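Chemist: Residues per chain are reported as follows:
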Amino acid sequence: MTFMPPLSATVAMHPTRGERWPPARWIRRAYRRASPASIGAAGFLVVVVLVAIAPSALTRSDPNQMDPVAVLGAPSIAHPFGTDEFGRDILTRVVFGARTSLSYALLATAIGSILGTSIGVTAGFYGGRVDNVVMRGVDILLAFPGILLALIVVTLLGPGLTNAMIAVGIGQAPAFSRVVRGATLGVKTSQYVEAAQGLGATGARVIWRHVVPNVRHVVFVLGSLGYGTAILIGASLSFLGLGAQPPTPEWGSMLETARGYLQTDWWIGIWPGAVLGATLLSINIVGDLLRDILDPSLRLE
Amino acid sequence: MRRMPFVLLLAAIVSLPQTGFTAVAPHRGGTLVYSLDGSPDRLDPNLSGLRPAQIVFFQIFDPLVVRDPKDNTIKPWLAASWSVSPDGKVYTFHLHPGVRFQDGTPLDAAAVKFNFDRTHNPALGTRCGGCAMGFYESADAVNASTVTIRLKAPWAPFLDAASLFYRMVSPAGVRKAGDQDFGQHPVGSGPFRFVQWTPNDRVVLERNPDYAWASPLFKHQGPAYLDRVVFRIIPDPSTRVNALETGEVQVTTAVSAQDLQRLAHDARFKPIIGLSPGSPYSWAINVTKAPTDQLAVRQATEYGINRDLIARVVYGPFQAYGAYRPAFTLLSPVTWGYDKESGIYHYDPAKARALLDAAGWKPGPDGIRRKDGQPLVVVFNAWEHGIPELVQAELRSVGMDVKVGIYDGLTVNEDQRKGESNLSPLPGARTDPDVLSAFLHSRNVGNGGFNFSFVKDPELDKLFDAGATAVNLEKRKQIYAQAQRYAMEKAYMLPITTRDNVSLESAKVQGLGFDATGFFPWLYDTSLEP
Amino acid sequence: MGSFIVYRLGHSAVVACGVLVLVSLMIHMVPGDPAQLMVGDAPVSAAQLQAIRHSLGLDRPLVVQLAGDAGRFVRGNLGRSLRSGRPVSDYLRRALPSTISLAIAAMLFGVLVGAPAGVIAAVYRGGWADAFATAFAVFGISLPSFWTGILFIVLFAVHLGWFPATGQGSLRALVLPALTLGWFPAGAIARLLRSAMLEVLHKEYVGVARAKGLRESVVVLRHALRNALLPAVTLATVQFGALLSGAIITETVFARDGLGRLIVDGILQRDFPVVQGVVLVIALIYTLVNLSTDLLYAWLDPRIHYG
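Line by line, the protein sequences are chains A, B and C. According to our numbering, the first sequence is numbered sequentially starting from 1. According to our numbering, the second sequence is numbered sequentially starting from 1001. According to our numbering, the third sequence is numbered sequentially starting from 2001.
No wet-lab data here; the hints were simulated from the structure. Please read all numbers here as calculations on a predicted model, not as lab measurements. Quick reminder that beta carbons are idealized off the backbone N, C-alpha and C, glycines included. Treat the hints loosely; a few may be bogus.
What the hints assert, rightly or not - If you anchor each label on the Cβ, the simulated ranges turn out as follows:
{"no.": "1", "chain 1": "B", "residue 1": "Pro-1363", "chain 2": "C", "residue 2": "Pro-2061", "range": "44 to 54 Å"}
{"no.": "2", "chain 1": "C", "residue 1": "Ala-2131", "chain 2": "B", "residue 2": "Gly-1322", "range": "33 to 43 Å"}
{"no.": "3", "chain 1": "B", "residue 1": "Asn-1072", "chain 2": "A", "residue 2": "Ala-278", "range": "54 to 64 Å"}
{"no.": "4", "chain 1": "B", "residue 1": "His-1220", "chain 2": "C", "residue 2": "Gly-2071", "range": "37 to 47 Å"}
{"no.": "5", "chain 1": "B", "residue 1": "Gly-1367", "chain 2": "A", "residue 2": "Val-49", "range": "23 to 33 Å"}
{"no.": "6", "chain 1": "A", "residue 1": "Arg-25", "chain 2": "C", "residue 2": "Val-2074", "range": "57 to 67 Å"}
{"no.": "7", "chain 1": "B", "residue 1": "Pro-1363", "chain 2": "A", "residue 2": "Arg-209", "range": "36 to 46 Å"}
{"no.": "8", "chain 1": "B", "residue 1": "Gly-1367", "chain 2": "C", "residue 2": "Ala-2129", "range": "31 to 41 Å"}
Assemble the whole structure, with the sequences as input and the hints as a guide.
Modeler: Following this line, the structure appears as structure tokens:
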């Protein structure tokens, strides 16, 4: 449930990194590694993202339009996915829900990766006492189960998906900082960083120009893993009543509502559940592919 | 000729209990498992006001008197008889002889005095919401079986409070466990005694074999039929119903509409419906926060929601049982003092629009009304889904932008206390119309009082004070009718549907009744067929 | 090795204290008055609510309350629940075994089902066994547990009647919650082990083992699995911490007592002492699990040294 790479994660650095134009190598590797499954997953994700960007292109109706006459309608031609407890079209809500779920998870991952990377790079680069103090703080944060932290932050800031995702982001930051710190330690000893420092570049400049670009791929890979978890935690917070607020369509809260109708009106839960599952699966597969492409030596060991 | 059906009906009613109980003698023995939707906090009538705890400890502690749900009158229980002084300030109770607490100590006048003094000890921090706070003066044991309660001023809801909230605890038990820990080791005089409590899991009670002082309103005398009662704490509504289906519990409360529909006609189960008196499912309308500080906006809100539709969509299957019906008044129809005439707002979107137009709120390009550049935004908080979504959609169509927040209890409460929500939900299960003073009397504004409409209206205060102290029942009724009409004309509160007890029981359960609140089971008459 | 353990235990204590301080500060800052939740459906007057707050000591200034908390902890007293007056240690004594047994059962399921699934998927890569194992893993990591839980109850408790839907104490009652909670780690372990095995199976020493004419099962189990196990063990222990998160949902769905339910209720009811107590225990478990992970590591991989 909680996304958390191993504590002892170490990252072996690619010795030739930064010397050639990487994208060419990545494309070649992507071509070699891609399987039908990963192509399918990537294709599905592209569709979901497009739908999230422009939901009204796919369906013209309003996701919040209620129809008291068509409450809990089974799938039909007018409503291919059926209608929910207020007579709202489930297909439309699943489509609009993509935007909510994807964009909020993006917010969480952005917060987690930016915060975590800053901490990790700083600790790794400066080392010594800074490293010690910062990483003890990270340990403390790591000792909180993700949902627990989210729960406390949400009660502190008030319920709602935005606050929930801020919480999830904060919860993911320690994991990012641990791995990024490891990567930074690897980069720090490389010749060009030492050379830059020798030429009198300031710490901030070295970090920004030389360290960050070299740990970026680690962040991408972790981000792809954390992204799926953020969606899942968002859904779990909806279960605890701390997620999306009405009338916002969101997959997690749709699933939560549907639980009560499992034995009577199955279609309410099947569709958001299937789309959520397929999206998480695709994110996982694409994340694996991304890891293979960007850095085959990145192993969680 | 015209009298015949009435006589027949009367005969039928009179003969009902006999026919029901002479035909099949209730089976003795067995363990009833009753599900609770939340954890009890303390099994102490003075230190808990929470429903899951009350459901449990109402089996352990008896009251002096009891309200008969059939005719809304007060009947004897631990007090065999009582009298009220003409000025309404002194109540004299004559106790049922020979009553003993489960620890063997006698329930005499001294024990009753101990109980009243304990409830009104300010240092204890009593949770009792319906007690005579501010009115109680003293209790005196006249002799072993007679006790008088003196009030500082006449307080009409006293007997009602005595029927619900004043439950007799064993003074010896309190002294042994200490005030704070008594709720972990409760000792009362009720038909069941405490055995064991595993937090977040179960509370186990067993039959009190010496029980011989049941109220005459019950169908039998002597010890209860059941050997044991186990209360299982199951927070998730779906799981609660599933546990009923698997036979892990025999009674499950707070059943959802779709589950009731699914199982009501299943021969293995029976629906139980308890219609609840007091305040229906109502929202406080904040008169200090814009835009609901304007009467027109409040009235437009009242006119703009279709309560019939809401009840049908959200609580559809309950309607056939008369539960969760649309509510137009501040007291639910089964409450003593209910005033039908005060239900003046019936669905009329045209009128809602006209009121808003007249008040200067003009529709903007997006359909949301504006006045002086300010959009018509109303913050609507709630504890649960269903009603909020529909209210949001309906008020949207008259040009109001309703911002819904569905939060946990304390978050809703925090917004209420700070006056940050325009509409916020209220509790309110009571059997006396005095419950309204908690929501609308000016003394309950701020400091955690429940007047979340923030109404300080001398007119209402006067009515509520008069209603609480009036001794004559007819007079009281008139006063509360007047108060209800006045408060509705000013649109201080938004009643939407009634809020009732919808439960399911196994077909094996016989004789499970509910008290006058509709929520608290009487397990004394209950038996379990093998 | 001994000094390493002592050092790490000291480290654990520091982390646990830090967590406790952080949570105490946070929970007191959370808006909401616990006294309001102790009043039930019959509303109390404003004056009465003040009396309740006073009886709980909630009307004292925040600094005084925090100082009181600190004093308690120094004396080793976890305090009493505001809501029920019951000692927090009493709650923990009951909840801890319940959660631990759930977590262990879930982890057992995760390892015993996830690991073979991963190995089989790798060995029969591309076949139907691989497809089946992968589908199993994927469902595990992509279905929210509040959904799988109720699905299991409806299927295995209501319709098939194999297991009870709720409760604790018996092994049978543990099955469904453990499945619900264990599916996620099972899926994660299966996926990780599959890719690690694929990697290892192409390594030189495996080729050498094969060339020596060893049976394939021996090659897979003795040579490949041992090397692929390291990341899986890490993942498993890391998941152990994550299981506590999952327990929050699982315990609510299956009506089990446990740390997860205790802390959710504690936070929602602003029952400060309960939250503090549970967080302290979770932090201690977490650091101890980490310590044992590192020790397990050293045992599995002799190349790792601690000094």
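Chemist: Are the hints correct? Go through all of them and say.
Modeler: Structure-based check of each hint:
Checked against the given bound of 44 to 54 Å, the beta carbons of B:Pro-1363 and C:Pro-2061, roughly 50 Å apart, stay inside it. Taking the beta carbon of each, C:Ala-2131 and B:Gly-1322 are about 55 Å apart, not inside 33 to 43 Å as hinted. B:Asn-1072 and A:Ala-278 have their C-beta atoms about 58 Å apart, which keeps the hinted 54 to 64 Å range intact. At roughly 55 Å, the beta carbons of B:His-1220 and C:Gly-2071 sit outside the given window of 37 to 47 Å.
Checked against the hint of 23 to 33 Å, the C-beta distance between B:Gly-1367 and A:Val-49 comes to roughly 31 Å, which is consistent with it. A hinted range of 57 to 67 Å holds for the C-beta pair A:Arg-25 and C:Val-2074, which are about 58 Å apart. B:Pro-1363 and A:Arg-209 have their C-beta atoms about 56 Å apart, which leaves the hinted 36 to 46 Å range violated. At about 58 Å, the beta-carbon gap between B:Gly-1367 and C:Ala-2129 misses the expected band of 31 to 41 Å.
The earlier numbered hints that this structure contradicts are 2, 4, 7, 8.
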